[in-house]
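Q: What follows is each chain in one-letter form.
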Amino acid sequence: MAGPGVLLVLLGAVVGIVLLVLLVMYVVVPIFKGFGWLVRHVFAFIGGEIRDALRLIGALVTAVVFAFLVIANVVIGRWSAAAHFGRAIQAEMGAGGSCIYRILVGHPARFLCLNSLVDGLERRLPEVVAASPTADTPSRRTGKFEGYVIVGSLPGGGSGGKLYVAEPDEIRRAAFARQGIEDVDQVVIKSFSLQDGSSLPQIVRESRALDAAKKLGLVLDHELTPERFYYVMRFVPGEPLSLVTQKLHARAPAEGLTNAQLHEALGYLASLLGTLDRYHRGGLWHKDVKPDNIIVHGREAHLVDFGLLTPIRSAMTLTTHGTEYFRDPELVRMALRGVKVHQVDGAKFDVYAAGAVLYAVVENSFPAHGALSQISRRCPEAVRWIVRRSMADYDKRYPTAAAMLDDIRFVAAAPDPFAVRPADLPSMRGVEGDAQQAIRHEEEELVFAGAVAASHSRHARPDAAPAFTPTPPAPPQRRLRPRLRVTNWWSGEYVVSPDEPVRAAGTPRPRPPQRPARPRVQRAPAQQQLASARARVEAARTRAAKRIGARPPASAPARFNNGINPGVAVALFLFLAACVGLAAIIIGYAANKRTFAWASGVADAVPARFPHRPSLRCRRSPRLRRHPTRVLVCSS
Amino acid sequence: MPFVRTMSGGILGDNRPFPETRRAKPGTIGRPAVPRGVSAARARASARSRTVLSSMTTSFVARLRANDQAAWFELWETFGPVVRAQLARWGGGRIGHETVRDLSQETLAALSDSIDRYDPARGARFSTWLLAIAKHVLGDEMDRRMAMKRGGGRTAASLDEAWMAGSSAIGADDAYEAAVFGAKVEAAIRQVQKECDFTDFSIYRMRVLDGTSGKDVAAAIGVSEPTVSRRLAKVRDALRRRIMEAVETYSFTEDERAEPRRNGLDLDPNKADDALFDEAVAEIYHRQMDLRRLDEQAAR
Numbered sequence: 000m001a002g003p004g005v006l007l008v009l010l011g012a013v014v015g016i017v018l019l020v021l022l023v024m025y026v027v028v029p030i031f032k033g034f035g036w037l038v039r040h041v042f043a044f045i046g047g048e049i050r051d052a053l054r055l056i057g058a059l060v061t062a063v064v065f066a067f068l069v070i071a072n073v074v075i076g077r078w079s080a081a082a083h084f085g086r087a088i089q090a091e092m093g094a095g096g097s098c099i100y101r102i103l104v105g106h107p108a109r110f111l112c113l114n115s116l117v118d119g120l121e122r123r124l125p126e127v128v129a130a131s132p133t134a135d136t137p138s139r140r141t142g143k144f145e146g147y148v149i150v151g152s153l154p155g156g157g158s159g160g161k162l163y164v165a166e167p168d169e170i171r172r173a174a175f176a177r178q179g180i181e182d183v184d185q186v187v188i189k190s191f192s193l194q195d196g197s198s199l200p201q202i203v204r205e206s207r208a209l210d211a212a213k214k215l216g217l218v219l220d221h222e223l224t225p226e227r228f229y230y231v232m233r234f235v236p237g238e239p240l241s242l243v244t245q246k247l248h249a250r251a252p253a254e255g256l257t258n259a260q261l262h263e264a265l266g267y268l269a270s271l272l273g274t275l276d277r278y279h280r281g282g283l284w285h286k287d288v289k290p291d292n293i294i295v296h297g298r299e300a301h302l303v304d305f306g307l308l309t310p311i312r313s314a315m316t317l318t319t320h321g322t323e324y325f326r327d328p329e330l331v332r333m334a335l336r337g338v339k340v341h342q343v344d345g346a347k348f349d350v351y352a353a354g355a356v357l358y359a360v361v362e363n364s365f366p367a368h369g370a371l372s373q374i375s376r377r378c379p380e381a382v383r384w385i386v387r388r389s390m391a392d393y394d395k396r397y398p399t400a401a402a403m404l405d406d407i408r409f410v411a412a413a414p415d416p417f418a419v420r421p422a423d424l425p426s427m428r429g430v431e432g433d434a435q436q437a438i439r440h441e442e443e444e445l446v447f448a449g450a451v452a453a454s455h456s457r458h459a460r461p462d463a464a465p466a467f468t469p470t471p472p473a474p475p476q477r478r479l480r481p482r483l484r485v486t487n488w489w490s491g492e493y494v495v496s497p498d499e500p501v502r503a504a505g506t507p508r509p510r511p512p513q514r515p516a517r518p519r520v521q522r523a524p525a526q527q528q529l530a531s532a533r534a535r536v537e538a539a540r541t542r543a544a545k546r547i548g549a550r551p552p553a554s555a556p557a558r559f560n561n562g563i564n565p566g567v568a569v570a571l572f573l574f575l576a577a578c579v580g581l582a583a584i585i586i587g588y589a590a591n592k593r594t595f596a597w598a599s600g601v602a603d604a605v606p607a608r609f610p611h612r613p614s615l616r617c618r619r620s621p622r623l624r625r626h627p628t629r630v631l632v633c634s635s
Numbered sequence: 000m001p002f003v004r005t006m007s008g009g010i011l012g013d014n015r016p017f018p019e020t021r022r023a024k025p026g027t028i029g030r031p032a033v034p035r036g037v038s039a040a041r042a043r044a045s046a047r048s049r050t051v052l053s054s055m056t057t058s059f060v061a062r063l064r065a066n067d068q069a070a071w072f073e074l075w076e077t078f079g080p081v082v083r084a085q086l087a088r089w090g091g092g093r094i095g096h097e098t099v100r101d102l103s104q105e106t107l108a109a110l111s112d113s114i115d116r117y118d119p120a121r122g123a124r125f126s127t128w129l130l131a132i133a134k135h136v137l138g139d140e141m142d143r144r145m146a147m148k149r150g151g152g153r154t155a156a157s158l159d160e161a162w163m164a165g166s167s168a169i170g171a172d173d174a175y176e177a178a179v180f181g182a183k184v185e186a187a188i189r190q191v192q193k194e195c196d197f198t199d200f201s202i203y204r205m206r207v208l209d210g211t212s213g214k215d216v217a218a219a220i221g222v223s224e225p226t227v228s229r230r231l232a233k234v235r236d237a238l239r240r241r242i243m244e245a246v247e248t249y250s251f252t253e254d255e256r257a258e259p260r261r262n263g264l265d266l267d268p269n270k271a272d273d274a275l276f277d278e279a280v281a282e283i284y285h286r287q288m289d290l291r292r293l294d295e296q297a298a299r
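As given, the protein sequences belong to chains A and B, one line each in that order. Be aware that the first sequence starts at 0, since it is given in numbering that gives the first Met the number 0, and climbs by one per residue. Be aware that the second sequence starts at 0, since it is given in numbering that gives the first Met the number 0, and climbs by one per residue.
One thing to keep in mind: the hints can contain errors.
Claimed, not checked - Only pairs whose alpha carbons sit at most 25 Å apart, straight line, appear in this in silico DMTMM-like list of lysine to aspartate or glutamate:
(1) B:Lys134 / B:Glu176
(2) B:Lys233 / B:Asp272
(3) A:Lys246 / A:Asp344
(4) A:Lys395 / B:Glu244
(5) A:Lys213 / A:Asp184
(6) B:Lys193 / B:Glu295
(7) B:Lys193 / A:Glu329
(8) B:Lys214 / A:Asp210
(9) B:Lys193 / B:Asp67
(10) A:Lys395 / B:Asp209
(11) A:Lys395 / B:Asp142
(12) A:Lys395 / B:Asp196
(13) B:Lys214 / A:Asp423
(14) A:Lys395 / B:Glu76
(15) A:Lys214 / A:Glu145
(16) B:Lys233 / A:Asp392
(17) A:Lys32 / B:Asp172
(18) B:Lys134 / B:Glu97
(19) B:Lys233 / B:Asp277
(20) A:Lys545 / A:Glu181
(21) A:Lys214 / A:Glu166
(22) B:Lys193 / A:Asp392
(23) A:Lys395 / B:Asp272
(24) A:Lys395 / A:Glu431
(25) B:Lys193 / B:Asp277
(26) A:Lys339 / B:Glu76
(27) B:Lys233 / B:Asp209
(28) A:Lys545 / A:Asp184
(29) A:Lys214 / A:Glu254
(30) B:Lys193 / A:Glu181
(31) B:Lys193 / A:Glu323
(32) A:Lys395 / B:Glu97
(33) B:Lys233 / B:Glu194
(34) A:Lys339 / B:Asp67
(35) A:Lys395 / B:Asp236
(36) B:Lys214 / B:Glu282
(37) A:Lys339 / B:Glu194
Stated by the list, open to error - Here are the computed distance ranges between Cβ atoms for each label pair:
(38) A:Leu37 / B:Ala61: 50 to 58 Å
(39) A:Ile75 / B:Met145: 29 to 37 Å
(40) A:His296 / B:Asp254: 56 to 64 Å
These are computed hints drawn from the structure, not numbers from a lab. What you are looking at is a predicted structure, and each value in this text was computed from that prediction instead of being measured. Glycine is no exception: its CB is placed at the ideal position from the N, C-alpha and C atoms.
Take these sequences, add in the hints, and give me the full structure.
A: Okay, structure coming up:
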């Protein structure tokens with residue numbers, strides 16, 4: 000009979016032990032952990048306060064010592080040393096200010112777990128201050144820019160130059176119009192001055208690709224003097240792609256961009272790749288493609304900052320300039336080996352950077368792992384493929400920006416980008432997209448034009464007999480050769496295109512028909528030439544004005560806004576409100592003080608010739624309350 | 000900032016000298032010290048069984064000694080994030096990210112400079128060596144900042160040889176050792192990515208690293224599933240070889256060379272369980288991704 004009782008007791012004991020263990024695990028341990036966290040938190044606060052207080056005292060003492068050193072150096076005439084110690088005082092003051100902030104705001108906020116509250120002050124404020132533009136006008140040492148009126152400045156970036164926004168005057172605009180550059184409303188002037196701290200290597204680097212950049216229309220004007228160097232570019236309004244990407248992801252759900260946002264992002268990349276393709280065909284590679292150097296305006300993305308623009312055929316040695324995460328590691332390896340620029344295809348490094356930009360836009364972070372970087376956000380498989388292919392090994396990535404552009408356009412044009420397989424991309428099917436076909440046609444036209452120009456005679460006389468041209472031998476019977484186009488690189492399937500005639504080896508290319516020679520033109524007198532040039536300029540201005548007038552008013556280009564922006568307006572409003580409030584407080588206090596003095600007695604107002612007059616208390620006579628004038632009855 | 004080393008050994012843009020290193024005693028490298036009373040042959044045999052620099056390590060060391068910039072960059076690419084993470088952890092928020100990057104460059108440059116002082120007889124691991132140099136560089140930086148000499152009045156100490164006795168004295172924890180091993184595997188993956196065909200590696204990446212099913216990979220690439228398996232095996236074999244090479248190159252002790260087996264990466268193709276191998280590679284890859292992501296966030 001005792002058996003069931005013992006069993007119950009045992010069972011109860013087991014259950015009790017289990018409950019006790021659970022209680023310890025889920026209640027007691029967390030309580031102790033919380034207590035431990037609290038103790039650590041309090042000690043961290045106290046330790047931080049003491050540490051910063053000691054640092055503040057140390058900074059003050061050190062600043063005083065530096066002050067003596069400054070005075071001593073000034074007395075003995077060592078101005079540079081005095082300036083050096085003066086800068087040290089500034090640094091100590093800065094450190095002291097930081098300590099005061101931490102003692103009064105930082106540590107208490109963190110103690111109360113209000114970290115987010117101070118995040119703006121500690122992180123965002125220094126970032127914005129550091130990125131603030133320089134002075135709106137160039138210094139007196141730098142001098143003015145002839146033909147341009149400065150309207151503002153932009154943050155300089157890391158190249159050592161200063162950026163100003165300017166408006167060209169009429170003469171400059173006419174000069175641009177003569178060069179075929181129309182609608183130049185505002186420009187950006189990038190200036191390097193030895194007086195302002197720029198160095199010769201910076202100037203040399205920036206000026207390297209200037210001629211090629213001018214031919215592509217990227218640089219409108221430039222000037223090089225013994226003291227300074229500047230060049231002028233068209234001002235592109237808009238926001239950097241880095242900021243646009245942050246805004247996109249701020250509006251997007253947690254898993255990633257929506258279909259519409261992906262489409263927008265692919266549009267920006269297509270615009271970027273079109274620009275890069277144009278540069279590469281013009282013989283340049285940008286070398287610093289990154290989201291901060293891409294300005295988005297409307298649906299277009301414009302590449303700016305030509306500081307590292309390099310001719311593809313340059314004989315210089317490769318350098319490691321660029322921005323980490325967007326710079327191909329292979330470029331660094333080649334530069335360390337001393338490879339020359341013309342020995343590699345620089346365009347491929349721009350393709351790598353474009354892939355890194357696409358990664359940054361989709362993932363909202365930098366490709367920290369290079370080509371192995373993983374996309375964790377919502378992204379079509381085809382876009383992942385494009386990113387990987389563009390950031391693949393040098394020999395395996397897209398051969399040109401146009402090839403990558405074709406794939407981007409294919410995905411962007413698909414009704415559902417998530418339904419596009421990597422196998423469907425033009426690069427995988429071995430098909431030339433529109434961009435590559437356009438290049439091929441352009442190259443063929445250039446070859447034909449080159450052949451025409453080579454056979455054209457410039458200075459033939461009108462009465463001279465036509466130049467002797469040897470009759471080409473009769474072409475042999477044309478042999479036809481089928482043209483094969485591979486449709487599947489993996490299985491080797493191909494289709495046969497219609498036959499095209501080919502030349503047999505050794506036969507000369509058929510000559511295009513000769514144009515008649517131009518008759519020699521008799522030059523007009525100089526005065527007449529000047530008058531006709533002025534008339535042409537005037538006509539060009541009139542045409543430009545008509546075009547501007549004919550344009551719908553809604554499409555007026557955005558201008559650089561250096562005036563009052565909302566932030567400035569808010570700051571001014573708050574300042575005025577504070578001034579008004581302070582004034583009201585002062586006036587109110589003064590008025591109250593006067594009333595108080597008048598109501599409580601005139602002891603303070605008693606003249607000095609009655610020093611011993613007892614203090615009086617005055618009141619209104621109750622008998623004379625109905626009297627219109629107040630009568631004070633005073634008694635001691 | 001470009002990190003091209005100048006002829007004097009400093010880093011471009013940074014004129015601070017490297018930590019002072021003492022020249023090794025002649026005959027130290029590759030030859031253990033022979034205690035008295037022990038025959039030379041027996042000493043050589045015991046040393047061989049303990050620690051022998053492999054031929055790959057020796058050739059890598061030779062490249063570093065010859066100031067091969069590519070070898071230095073390889074070190075930077077492979078172990079830079081590991082060193083930065085460790086320096087940032089030690090710094091405790093007192094040093095900014097730019098300083099951490101500078102210090103990591105100094106650490107790797109000092110590593111290549113102090114190669115002559117390595118004594119394999121002491122049994123020190125490569126990871127310990129790296130950690131000791133990083134600690135010394137950080138200490139030098141903190142001393143410079145506090146504007147006081149270490150040891151109260153004495154000149155700044157040179158790299159102490161005490162770390163060669165064992166890794167526990169330096170404070171190399173499991174997380175650090177795992178990060179160093181992960182960096183070696185990552186270097187192998189990068190090497191395989193370079194040498195393999197793009198589509199083959201993409202198949203491996205989608206199947207193993209991204210966890211996509213074989214059927215989906217085949218559909219995406221436009222090939223059959225057996226083709227996917229065949230190409231996967233090809234890349235896997237290449238990866239095994241490269242992991243073995245990377246571990247051989249960056250390992251000084253037998254214990255380090257045995258790390259792949261301890262981490263589920265059996266490099267013997269006859270005994271390998273391919274699924275286990277792939278799973279281990281994927282886990283290491285994702286761990287390295289997290290490390291790099293933290294490094295990139297700190298940079299921003």
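Q: Enumerate the violated hints, using their earlier numbering and listing them in ascending order.
A: Hints 3, 8, 11, 23, 29, 30, 32 contradicted; others consistent.
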